[in-house]
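Peer 1: Please work from the sequences and hints to get the whole structure.
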Amino acid sequence: MEIKYRGAEAIVETGQWLGRKVIFKTRNKRGYRHPILEKRLVKERLRSESRIIERLISHGVNVPAIYGVDISNNCIIMEFIDGITLEKALRGNDFEQYLAQTAKLLSLLHSLTVVHGDPTTSNFMVTDSVYVIDFGLSTVSDDNEARASDLRVFLESLDSHHSEISGRDIFLSYYSEWSSSALVLEALKVLELRGRYNLMRG
Amino acid sequence: MRKTLSKIAIGIESTAHTAGVGLITSEGKILSNQRALYVPKEGGIHPREAANHHSEKLPDLFKSALEEAKLTPTDISLVSYARGPGLGPCLRTGATAARAFAYYHDIPLLGVNHCVAHLEIGILEGATDPVLLYLSGANTQVIAYAAGRYRVFGETIDIGIGNGLDKFAREVGMGFPGGPKLEKIAEGDVLLDLPYSVKGMDLAFSGLMTAAKQKLDSGHSLASVAYSIQETAFAMSCEVSERALAHTGKKELVLGGGVACNSRLREMADIMTKERGVKCFVPERALCVDNGVMIAWLGLQMMGADYNITEKDNEVDQKYRTDMVEVTWR
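If you read the sequences in order, they're chains R and V. Per the working numbering, the very first residue in the first sequence carries number 263; after that it's consecutive. Per the working numbering, the very first residue in the second sequence carries number 64; after that it's consecutive.
Bear in mind the hints are in silico, worked out from the structure with no lab data behind them. A few of these clues could be false.
Think about it this way: if two alpha-carbon atoms lie no more than 25 Å apart in a straight line, the pair counts; the simulated SDA-like pairs of lysine to any residue are [as the list claims (entries may be wrong)]: (1) V/Lys342 x V/Arg393; (2) V/Lys314 x R/Val331; (3) V/Lys337 x R/Lys350; (4) R/Lys350 x V/Lys313.
One side of the interface only, derived from the structure: several residues of chain V facing chain R at Cβ under 7 Å [what the hints assert, rightly or not]: (5) Ile93; (6) Leu254; (7) Gly263; (8) Glu294; (9) Ala298; (10) Cys301; (11) Glu305; (12) Arg327; (13) Met331; (14) Ile334.
We put the beta carbon where it would ideally sit given N, CA and C, even for glycine.
Peer 2: Below, the structure is given as structure tokens:
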């Protein structure tokens with residue numbers, strides 16, 4: 263097995279499983295957290311991640327398929343998406359197209375009452391189309407504020423990493439194609455006004 | 064690095080509770096760090112009263128700083144003050160003191176960003192390109208340098224962590240500052256179930272504090288509630304900073320802000336960075352809290368890069384965001 267990524271809560275490794283190239287996502291221990299809290303979070307996140315991915319697959323959304331869950335090792339075995347991260351893809355010339363696909367994908371998630379929780383540009387993979395990965399912080403919710411918080415996380419990661427392109431307008435215009443998006447965008451405004459010391463002064 | 068003669072800057076801090084005057088050389092030698100803390104008689108900070116406190120204390124702080132460093136105003140080549148973010152009346156008081164000192168002694172004057180100063184003090188500690196976990200009363204941010212600016216990768220979406228701790232402490236009848244008082248009584252090994260609110264790299268604390276109050280009202284001891292608040296809130300803070308480290312690929316973490324004085328937080332950050340294989344820089348406590356030294360140090364960094372002072376730099380700005388500062392000195 264080869265370590266691909268050491269995230270903030272899990273180690274992502276690639277390897278072979280029944281003749282396929284797969285991802286092993288293992289939630290490893292965080293020594294700084296109280297053992298009770300650690301146990302609670304790992305269990306919650308493992309369970310919710312696999313359930314949410316299952317739900318999205320049944321609706322045909324571009325997410326990695328789940329092959330198995332190894333509860334004793336806090337490990338999910340899933341499909342290997344052979345592509346580059348959106349973060350890298352946005353540095354190329356086709357960034358508008360990728361932003362559009364990502365916006366549509368996120369609005370599809372929201373319409374299926376899934377809030378991703380951490381939709382930064384590193385959590386989308388680009389192959390022939392855009393895939394969304396890492397549902398470790400995802401919840402099932404139709405709360406517009408939670409959806410708006412998703413948008414904020416994405417826009418912030420866009421802002422802080424891709425300051426050279428003005429992706430915000432492109433992204434939001436494609437997101438607003440979803441019929442229920444108006445309330446979310448309204449909630450986003452409120453959320454951003456609430457942000458501390460922001461520039462949208464009253 | 065260009066070769067320059069050693070310079071000395073005086074820094075004036077007055078964004079919130081603390082009035083501070085610090086002196087530092089361009090080599091990073093701290094000559095004096097004078098501070099006075101406004102403690103409200105009851106309730107939270109009252110901006111006007113805090114400003115009155117600062118205007119009373121600042122002249123003496125200037126005097127004792129110069130005395131401690133054995134310097135006269137003619138030895139100083141830059142007056143640097145915190146332009147923001149902070150409370151209007153407090154900022155204006157510090158700015159007025161800085162202007163008066165600068166104009167009277169004919170020394171260049173420069174207003175700097177308070178949050179960036181917290182980060183730069185970590186660079187004085189030896190970090191080169193860190194992620195800053197900045198935990199104070201009003202500010203809770205994860206900051207790192209990218210493309211010409213210090214960017215805020217994550218921050219609180221409701222209240223600052225210190226505000227939350229202070230408010231909880233106040234509600235249970237402890238005075239200000241609440242964080243250190245809670246740390247002293249926090250005890251136990253049984254963790255109460257409190258909301259753990261991490262959204263991407265953003266955090267929320269108000270729900271946690273409300274739930275903590277409910278735990279207390281339902282009969283849990285103050286010691287174990289305080290313990291559980293610390294365990295939960297600091298784990299959240301460490302998780303978002305680890306997320307920022309993973310996202311940016313940076314190899315250093317710096318702690319800053321008043322809450323970074325907490326020993327349990329320092330311990331958690333130490334464990335997290337060790338497990339991750341990155342370096343952890345923890346400035347001494349007097350440099351983690353609001354202080355004049357960091358303001359002076361940031362001013363020197365900016366002037367060292369031939370920063371062009373404009374009129375704007377002489378105005379206070381209550382909402383002076385971290386990412387509004389163009390970083391020309393690195």
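Peer 1: Would the stated hint for V/Arg327 survive a check requiring a Cβ distance to chain R of less than 7 Å?
Peer 2: violated (10 Å)
Peer 1: Using Cβ atoms only, decide whether V/Cys301 comes closer than 7 Å to chain R, and label the hint accordingly.
Peer 2: holds (5 Å)
Peer 1: What's the verdict on V/Lys337 and R/Lys350, does the C-alpha distance respect the 25 Å limit or exceed it?
Peer 2: Measuring from Cα to Cα gives roughly 28 Å; hence the hint is violated.
Peer 1: Between the alpha carbons of V/Lys314 and R/Val331, is the straight-line distance 25 Å or under?
Peer 2: violated (32 Å)
Peer 1: Taking the closest Cβ pair, is V/Met331 under 7 Å from chain R?
Peer 2: holds (4 Å)
Peer 1: Given V/Gly263 was flagged as interface, is its beta-carbon under 7 Å from a beta-carbon of chain R?
Peer 2: With a closest approach of 4 Å, the V/Gly263 hint holds.
Peer 1: Taking the closest Cβ pair, is V/Leu254 under 7 Å from chain R?
Peer 2: holds (4 Å)
Peer 1: Does V/Ile334 pass the interface check with chain R, least Cβ-Cβ distance below 7 Å?
Peer 2: This hint holds: V/Ile334 lies near chain R, its Cβ roughly 4 Å from the closest one there, short of 7 Å.
Peer 1: Under the criterion that the straight-line Cα-Cα distance not exceed 25 Å, is the pair V/Lys342, V/Arg393 satisfied?
Peer 2: holds (20 Å)
Peer 1: Quick check on the hint: V/Ala298 CB to chain R CB, less than 7 Å?
Peer 2: holds (5 Å)
Peer 1: Would the hint on V/Glu305 stand, with a C-beta cut-off of 7 Å toward chain R?
Peer 2: holds (4 Å)
Peer 1: R/Lys350 and V/Lys313 were given as a pair; does the straight-line alpha-carbon distance stay at or below 25 Å?
Peer 2: Answer holds: R/Lys350 to V/Lys313 is near 17 Å, not above 25 Å.
In the structure shown, a violation is registered for the earlier hints numbered 2, 3, 5 and 12, in ascending order.
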